[in-house]
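Trainee: Here the protein sequences come in this chain order: R and G. The first sequence maps to residues 224 to 534 in our numbering. The second sequence maps to residues 906 to 1188 in our numbering.
Read the hints as simulated data drawn from the structure, not as lab findings. By construction, the Cβ of each residue, glycine as well, lies at the ideal position given by its N, Cα and C atoms. Just to be clear, a hint being listed does not mean it is correct.
Said to hold, decoys possible - Quick list of in silico lysine to any residue cross-link-like pairs, SDA-like style, CA-CA up to 20 Å: (1) G:K921 <-> R:K312; (2) R:K312 <-> R:D357; (3) G:K1181 <-> R:L234.
Said to hold, decoys possible - Pulled from the structure, derived: some chain G residues nowhere near chain R, Cβ distances all over 10 Å: (4) V926; (5) I997; (6) A1031; (7) I1035; (8) M1045; (9) G1124; (10) L1169.
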Amino acid sequence: MSSKAMLNYILSRLVSALFVILGVVFIVFMLIHMVPGDPVEVMLGESATSIDREALRHSLGLDKPLWQQFYLFLHGLIHFDLGHSLHSKQAISDIISARIAPTVELAMASLLVALVIAFPLGIIAALKKDQFADAAAMSFSLLGVSIPNFLMGPLLILFFSVLLGWLPVSGKSGVTSLVLPALTLGSALAAVLSRMIRASILEVLNEDYIRTAQAKGLSRARIIGLHALRNAMLPVITLIGLQIGALLAGAVITEIVFSWPGIGQLTIESIQKRDYPVVQACILLISITYVVVNTLTDIVYGLLDPRIRLG
Amino acid sequence: MKSFLQAITSLRFSAKITFSVLILGLWLLMVLAVPFMDLHPNEIVLEKILHSADLQSVSGFGFLGYDDLGRALFDRLIVGAYTSFTVTFGVIFISLLIGTLIGVISGYAGGHWDHFIIRVIDVFMAFPGILLAIALAGLMGPGITNVIIALSIVSWVGYARLSRAQVMAIKQREHVQSAKALGASHARIIVWHILPLIMAPLLIEFTFGVASVIIAEAGLSFLGLGVQAPEASWGSMIRDGSQYLLMAPHMVLVPGIALMLVVLAVNMLGDAVRDKLDVKAAQ
Chain R
224 MSSKAMLNYI LSRLVSALFV ILGVVFIVFM LIHMVPGDPV EVMLGESATS
274 IDREALRHSL GLDKPLWQQF YLFLHGLIHF DLGHSLHSKQ AISDIISARI
324 APTVELAMAS LLVALVIAFP LGIIAALKKD QFADAAAMSF SLLGVSIPNF
374 LMGPLLILFF SVLLGWLPVS GKSGVTSLVL PALTLGSALA AVLSRMIRAS
424 ILEVLNEDYI RTAQAKGLSR ARIIGLHALR NAMLPVITLI GLQIGALLAG
474 AVITEIVFSW PGIGQLTIES IQKRDYPVVQ ACILLISITY VVVNTLTDIV
524 YGLLDPRIRL G
Chain G
906 MKSFLQAITS LRFSAKITFS VLILGLWLLM VLAVPFMDLH PNEIVLEKIL
956 HSADLQSVSG FGFLGYDDLG RALFDRLIVG AYTSFTVTFG VIFISLLIGT
1006 LIGVISGYAG GHWDHFIIRV IDVFMAFPGI LLAIALAGLM GPGITNVIIA
1056 LSIVSWVGYA RLSRAQVMAI KQREHVQSAK ALGASHARII VWHILPLIMA
1106 PLLIEFTFGV ASVIIAEAGL SFLGLGVQAP EASWGSMIRD GSQYLLMAPH
1156 MVLVPGIALM LVVLAVNMLG DAVRDKLDVK AAQ
C-alpha cells in the first residue's frame, strides 16, 4: 500500500474519533441537566444559603445560556481544567490523577488473567470441536458470561478469603490484594475472549491454505502453530481492543466490591456525595480512553490487514 | 417469514433448552405469584437476624434464611424477581421499539438523516458497558422508573445499529425493488417486505439483550443506584450480603444463584436460537 493511502486511512479514523469524542463530551456535559429539579440545590443540599447557591451556579456557569455553558465546558477540557470538587475543593485533575494508577494496574492484571485463561481454552475448544473438551471449555465460558462481577467478587472472597484464608478480603495492600479483583474482572473477559478465539480459529481452519498445508504433509503442530494461529490472531487482536471498554466499565463495579481505590470507586463515591463535576470528569476519562483505544486498535488492524483499509 | 417460524418451531428440546425453559418458567411463576402470596419482604424478625435455613419456621417462608435485619430471604427473593422482571420488560420494550424504529427509518431513508443517526449511534457506543447508565441513574436519583429510563437510553442503540445495518442490506434485494416498481408505499415495503426479514437477527439481539438488562439492573442496585431501600432487588441483596460473608454467606448465595441461573438460562436460550437461525450476516 502506498504511504499516501495509509495516511488517508489513519487520518479518516482520527477524524471520526474526534467527532465521537465531541459527542461524548456533549452527552457528559448534558448529564448535569438530567438531575431532577435544580442541580445546584441537589448538590448543596437544602440548608445552603442563597448566596452559596448563586456562587456555585455562577462558578459552574449554570447561569449562562446552554451553548455558552458547553463552550466553557469544552474550553476548560482542552486546557485540562476540569474545575474543582464541590466536596474537597481540590482540583479535579489532581483528584483523578491519584486514582489512575490503581485502575490501570487492575485493568492490566485482569487482561493478563483473561489472556492466560482464554487462549488455552479457546484453542483447545477449537481443535477438539464437538468433543468433550470443547463442550467443557464452552460451558465454562457460558458460566463465566452469566456470573456478573458483583457476584463473582463476593464468591471468590467467600472461597479464597473466608474459607481458605489465603488472600485479603479487600483494600489495596501489596500484590496479594490484586489477585482477587484481577481474577474477578479477568474471568469475565476470559469467558468472552475464549469463545471469540475458538470461533476465529474454526474459521481459519476452513481456509484453503490450511488444506494446502495438510496436503503438503506438514505436521499438525506445524499447521496449527504456523498457519492457523497466526492468521486467527488478527481478528482476536481487534476483539481484545474492543473488550478494553468492557474491562473499564467492569472495573467500576469490581473496584466497589474490593474497595479498590481507582477511578471506578471515585465515580461511585462522587455520585454518593453528589459531587457531580467529579462524576462528569470520571465518565469522560473512561469513555475517552475507550474511544482512543478503539481507534488505535482500528488503525493497527488496518495496517496489519490490507483487506480492511482497502475495503 | 415462513423459514423464521419454521426455525422457531423446530427448536429441538435438548437438555439445554429444557433447562432454560424450566428456569425462565420458574422466574415468571415467581413474578406472577407475587399478588397471590402472603409476602412480608420488609418484616423484621429480630431473633432471626443472619439466621440461615430455618426448616422449623412456622411463618412458612423461612427456609432460605434471614438477612442482617432479620428479613426473610425467600420473600425478598420473590420481590427481587419481580423488580428484575419489571425493569427488564420495561427496558426491552422501550429500547426495542425506539431502537428498531430509528434504525429501520434511518437505514431505509439513507442520506443526511442516516448520516446523522450513525454519528449519534457511534457516540452512544463510545460509553463502555453500563457506564452511561451508572452516570444517568446516579444523577437522576434511585428508583425503578429512573433505572428503566437510564438503561433504555443505553440499550436502544444496539437495536438501532442492528436494524439499520439489516435494512441497508435488504433494501437492495430484488423483491424490495420489484415491490417498489409495482408502486408499493414506503410503509408497505417496510412492514411487509423488510421487517419480516430482520426478525431473526433482532430476536437474537433481544435474547442476549434480556440477559444484559437483568445483569445491568442488578449491577445498578448493587451500586445503590437501583431500587430504593427497603425495596428488594437481587443486586441490592447481594450488596447487603457481601458485608456479612463470614457470618451469613447465604445472604449472597441465595440471590446470587437465582441471578446466575436466570442469566445462564437466557444465554443458553440465546445460543440455541442463534445456532438455529444462524444469522452470521447480522454480526
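Trainee: Confirm or reject each hint.
Mentor: Now for the hints, and whether the structure bears them out:
Note on K921 of chain G and K312 of chain R: the hinted pairing is violated, with a Cα-Cα distance of about 56 Å set against a maximum of 20 Å. Distance check on the hinted pair: K312 of chain R and D357 of chain R sit about 55 Å apart at the alpha-carbon level, beyond 20 Å; violated. Using a Cα cut-off of 20 Å, the hinted pair K1181 of chain G and L234 of chain R is violated, with the two alpha carbons roughly 41 Å apart. Distance to chain R confirms V926 of chain G as a non-interface residue, since its nearest Cβ pair spans about 16 Å, more than 10 Å.
Even its closest Cβ contact with chain R, about 18 Å, leaves I997 of chain G beyond 10 Å, as expected for a residue assigned away from the interface. Against chain R, the non-interface label of A1031 of chain G is violated: not every CB pair exceeds 10 Å, the least being about 5 Å. The non-interface label for I1035 of chain G is inconsistent with chain R: the shortest C-beta to C-beta separation is roughly 6 Å, within 10 Å. M1045 of chain G, annotated as away from the interface, has a beta carbon of chain R within 10 Å; the closest lies near 6 Å.
With a least CB separation of 6 Å from chain R, G1124 of chain G falls inside the 10 Å interface cut-off, contrary to its annotation. Distance check for L1169 of chain G against chain R: the nearest CB is about 4 Å away, which does not clear 10 Å, and the non-interface claim fails.
The structure fails hints 1, 2, 3, 6, 7, 8, 9 and 10 (numbered hints given earlier, in ascending order).
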